[in-house]
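S.K.: Could you build all of it, start to finish, from the sequences and the hints given here?
4 protein chains.
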Amino acid sequence: MAGSSFGTAFRITTWGETHGAGVGVVIDGCPAGMELCEEDIQKYLDRRKPGQSRYTTQRKEGDQVEILSGVFEGKTTGTPISLIVRNHDQRSRDYSNIQDVYRPGHADYTYDAKYGFRDYRGGGRSSGRETIGRVAAGAVAAKVLQELGIHILTYAKAIAGIEISEDSFDEKEIGQNPFYMPDHGAAEKVREYADRMIKEMDSVGGVIECVIEGVRPGIGDPVFDKLDAELAKAVMSIGAVKGFEIGDGFRAASSRGSENNDEFMMQDGKVIKKTNHAGGILGGISDGSTIIFRSAVKPTPSIARGQQTVSRDGEDVEIHIKGRHDPMIVPRAVVVVESMAAITLLNGILKNLGATMDQVKKLYR
Amino acid sequence: MAGSSFGTAFRITTWGETHGAGVGVVIDGCPAGMELCEEDIQKYLDRRKPGQSRYTTQRKEGDQVEILSGVFEGKTTGTPISLIVRNHDQRSRDYSNIQDVYRPGHADYTYDAKYGFRDYRGGGRSSGRETIGRVAAGAVAAKVLQELGIHILTYAKAIAGIEISEDSFDEKEIGQNPFYMPDHGAAEKVREYADRMIKEMDSVGGVIECVIEGVRPGIGDPVFDKLDAELAKAVMSIGAVKGFEIGDGFRAASSRGSENNDEFMMQDGKVIKKTNHAGGILGGISDGSTIIFRSAVKPTPSIARGQQTVSRDGEDVEIHIKGRHDPMIVPRAVVVVESMAAITLLNGILKNLGATMDQVKKLYR
Amino acid sequence: MAGSSFGTAFRITTWGETHGAGVGVVIDGCPAGMELCEEDIQKYLDRRKPGQSRYTTQRKEGDQVEILSGVFEGKTTGTPISLIVRNHDQRSRDYSNIQDVYRPGHADYTYDAKYGFRDYRGGGRSSGRETIGRVAAGAVAAKVLQELGIHILTYAKAIAGIEISEDSFDEKEIGQNPFYMPDHGAAEKVREYADRMIKEMDSVGGVIECVIEGVRPGIGDPVFDKLDAELAKAVMSIGAVKGFEIGDGFRAASSRGSENNDEFMMQDGKVIKKTNHAGGILGGISDGSTIIFRSAVKPTPSIARGQQTVSRDGEDVEIHIKGRHDPMIVPRAVVVVESMAAITLLNGILKNLGATMDQVKKLYR
Amino acid sequence: MAGSSFGTAFRITTWGETHGAGVGVVIDGCPAGMELCEEDIQKYLDRRKPGQSRYTTQRKEGDQVEILSGVFEGKTTGTPISLIVRNHDQRSRDYSNIQDVYRPGHADYTYDAKYGFRDYRGGGRSSGRETIGRVAAGAVAAKVLQELGIHILTYAKAIAGIEISEDSFDEKEIGQNPFYMPDHGAAEKVREYADRMIKEMDSVGGVIECVIEGVRPGIGDPVFDKLDAELAKAVMSIGAVKGFEIGDGFRAASSRGSENNDEFMMQDGKVIKKTNHAGGILGGISDGSTIIFRSAVKPTPSIARGQQTVSRDGEDVEIHIKGRHDPMIVPRAVVVVESMAAITLLNGILKNLGATMDQVKKLYR
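Residue numbers (UniProt numbering), protein chains in the order written: chain A, 1 to 365; chain B, 1 to 365; chain C, 1 to 365; chain D, 1 to 365.
The list treats identical chains as one, so a pair stands whether inside a single copy or across any two.
Derived lysine to aspartate or glutamate pairs resembling EDC-like cross-links, with alpha carbons at most 20 Å apart: (1) K75 to D112; (2) K270 to D313; (3) K43 to E173; (4) K189 to D326; (5) K270 to D316; (6) K270 to D112; (7) K189 to E200; (8) K189 to E209; (9) K274 to D313.
Since the hints were derived computationally from the structure, they do not count as laboratory data.
M.R.: As structure tokens, then:
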């Protein structure tokens, strides 16, 4: 069992490595009858592309998605949607000095331990390019969610410890700076710091925040398939993510019950909460308020300065990782986090349609 | 699909509510031929019991586990192991004033939204008693892991913001104080703070840390079933957990690549890492070093002081939650976190036995 | 992975052996809000009980089901329903001479090969008692289906090669003879033959037919989860079943396209078929007509006459299987086939509720 | 949930329709380290191609498989293997008169009922072309099985009621006639009959038999994932298959226990069976003897003669299905049955590697 599928009612299976023919995904379970075209998916992939700034990679990747199946006369048929993005500009020669060594912070060593050998070409299956399948599928999921009135907003909350401020929060800023930060001032500070990092041949990490509006109460399963547990798995499965928290998250660990509880009240005949320390999910089920979570992204491991490591033959060596790599990956991970959130949420909605006899009768007849 | 199962190769299905006949779990996929008896499981359940101190609940719960199937002549048969713990001392009368209101911080409202009505008796399926099945299964999983040389240590790293200190770390202290803290000094500070909380009719949260030794490199799947992603889901599925991080976790978000990378070196012919910022998992696969993660536990929502909420009929009301409940749940959640870690890890090992042709041939013939 | 679960949206997990404490099942995914009590389930179990005639076993089994969870104030809660039937009258002494030998036609040898040893007490997990969990769950599934207007009728179509005749078909006869045959004349012939078999210490097999009315068109998934493929797996998983066919089944193999195709026509504004060679399923999806399938049941392997076999130590031996066993199992398998059909069909309905955007919007809002 | 995946440890996900860009499959869980190239797969696909004789379709389909991922330096990497076969010669104009009518015996009507509309171009997802993904994956599975010493032989046992005879059985004949029959005489009779069918614009069905040698005892799971139950589901999921039986199958239903039981005996220190009425599987687990099963294939529904049906607008109409279609599909279904058997068996082997503690310890360390 190789873990390349995610979801049950809305299931995605990704495939592809950096230097194979391409990467892609098969989406099974997308409801029939929704309009879908390459452009819907391409705009998500474009948010992922490196080369958007000098702060992310200079590798040129002309990733064009092609829909191979599952769409007829512009609408989803309900049958599997197969998407492919062919690989083009992946220069093999950049990676020759790492063929037989284990790069610190990368999965080279662990893949070897598991499989006996690995595809050394640029990280193989563990590379960032694997995220293309996730983002393509996320684009499809996001479109279905929009039809249901659900919207997701994702951005960098902090990079290199420099945080956005609530007072300066401006959604329109997100697309205006290379860091996807909704705060012009913070983005400028990050720009300065990033310039220094590039000089010092180092890298930085950050925190990505995701805000989901429009989810009605009742989505999620109690016990093991709690909606926040599934979001945690989905987001933690993205390479370089080392933490996940929802609502107040780790801050809740040092608060008091009287402060942390969200009290309920009536407003216009609807139940709402006065606060949202829970982050929109209670007992694993959505409560109707905004779902908000954060993920911690470690600094990208590939840095140009020298590092100590070992070779496949068991010798201590020093390596310098040449080639083109990102001094920070947070900006391009933003759309990946958003995609995983969309996929998880749609899966949660689709597998919960028959929770009560009334719902079943409503749809069965 | 109601999400009451966890795992694939080692799968557990829990059942039971607070005031039904009992709670239990069915374990499918436990390898045959291991010695197992009620005592192996009981000692884990006893770590979960409330009434261990005045800081956890005074409810007396004589939880005795009974093995109903799956064991013959003292050994596992490979067939499903069904475990039951009968419910005894759950006084219905304690809950009458909450029958028609939504308690803040609890899943009452969300259950209602999902199912149309809920079992109001003490939280039904969302209550802490549901964890009995998890812990019973965790005991079985932990025993299999011990046979493979894997050991798990879990404790409270912080309560109410009071952290243990590395200098005073003492494993033997864990069983000596009611908080499962491996630091006598910190435990005393917590004791003082907890006494104050009880007076103020409030509650506190904390952080639970879990350390796993002995996992060989290569366990876990790349992409979606990464070992850390599955641990995240497993632990986040525990009620009251609002965050998960592995290795440096959220601290990695503000560190630099040169600081965060774990360099490799040879020692006695084996590959080891100089540091362990990664927390034992790289690219979703174990790297042979200690696996270490933390979970954030929110303050228990049931507090005696008045709270604003709404009734099922849509009226604003104030409630006081009477009855016996925990001023802190971190201590009793420790063994639940350990159980989920054991179950997840064993599931990861069992479903990865045939990753290479050599492994398959070794076992098939 | 031990294969003790069936289904995804409506999932059942059975447990228990002949001589353990009991047998049972956990049902996950039953929609909330349906009335359910022990009697609903007991009446199904009673159809399964041996001792109903001299033609089925004289073992007395007082199987009383107990609902341990998942029902509150007489209605399903949507949380797992745990059912148990305690074991009583299973005399160990009947099986002592088979402890170390492999009974022909039974799973003794194959279990040993798989697990290294087996629970010899009356077949362990492979015994007929394992079907109790299936039937109990089937009773619950059947009740949900009835609420949706779906009804299942199951009976013995043939025993020992003696077939019922269409002209004499009488549904009321099913409960009037020990063979569950809807044909009085055929039942009498079977009675004579069965008497002879008992004298000759031999056993007979038969064919069970299952007729399902009221399934609307559109249930089932194309490709791998075709409704007939899932029914095949469900029914073939019953011990002693060696064949499955739907509609004309194997007769279709020697017919012509012009004979086998079911032509469509309009009737009262609805699409119906003139014939039903397909058996109600086309392309794996229900077509609105009666679903009809058959399963072949082999003769019960436990016979009193001497048989050649080998012992665990690798010696050729002759055995005589003493104790109480069925000269025919077809009659008691009838309700097991019906139960698996109900479970499969309900699972198919529940996991297909969101096949189109219209359905999803209808239920989501 | 759309049912386009099969298997758990060895999982395949197929995609593609007749007139989309292509068809394909993603294989997840293939063990790493096995040699694999396009030719290994192409030779299986070539057995599927129509146009091999005047008795199967004259459509020219140049199906060339391309490996897009999962293979590096000629060996499987353990990561998903994505295979694609581009669609070429599918003339749209052949299908214009069936756009708005439901063809008898096809899934047009049931797809419409499920999805609200359908891709009318040549059957969409329900067409025979969907089997390309299955066969491609089957080729990979078969190669792994061969490495384990397991071999599968599949052929047409009967067509149009004309059966092969045991006395004339000749394996070499299978590749010598267009019907894949291992009996020259029977093949000639079928040829005559088929010529008549073509004149009469009709079609015929048949029975495919599959023989698997080399499976060691112990493969399969008791209860629900019995090896024969999974084979039944796998084979019944192939379009046009209406029945499945193993060993004596439906003949066992009219035999006696004394005739049907396979007695055990020792031979050269190994346990063997004197007969094989069981067909190689007991209690759902392989017993070490030959596994043999049969599937019933209905006559191909597309015939040129007129048929009564209805249009999407609810009118009774008569249709003549023009275009190029098979007068019999049994010959090209032979390799599809073999593929599903290989996939099922490999999945069964891979998910059962850790059935006992001894096996787990053997592989874990």
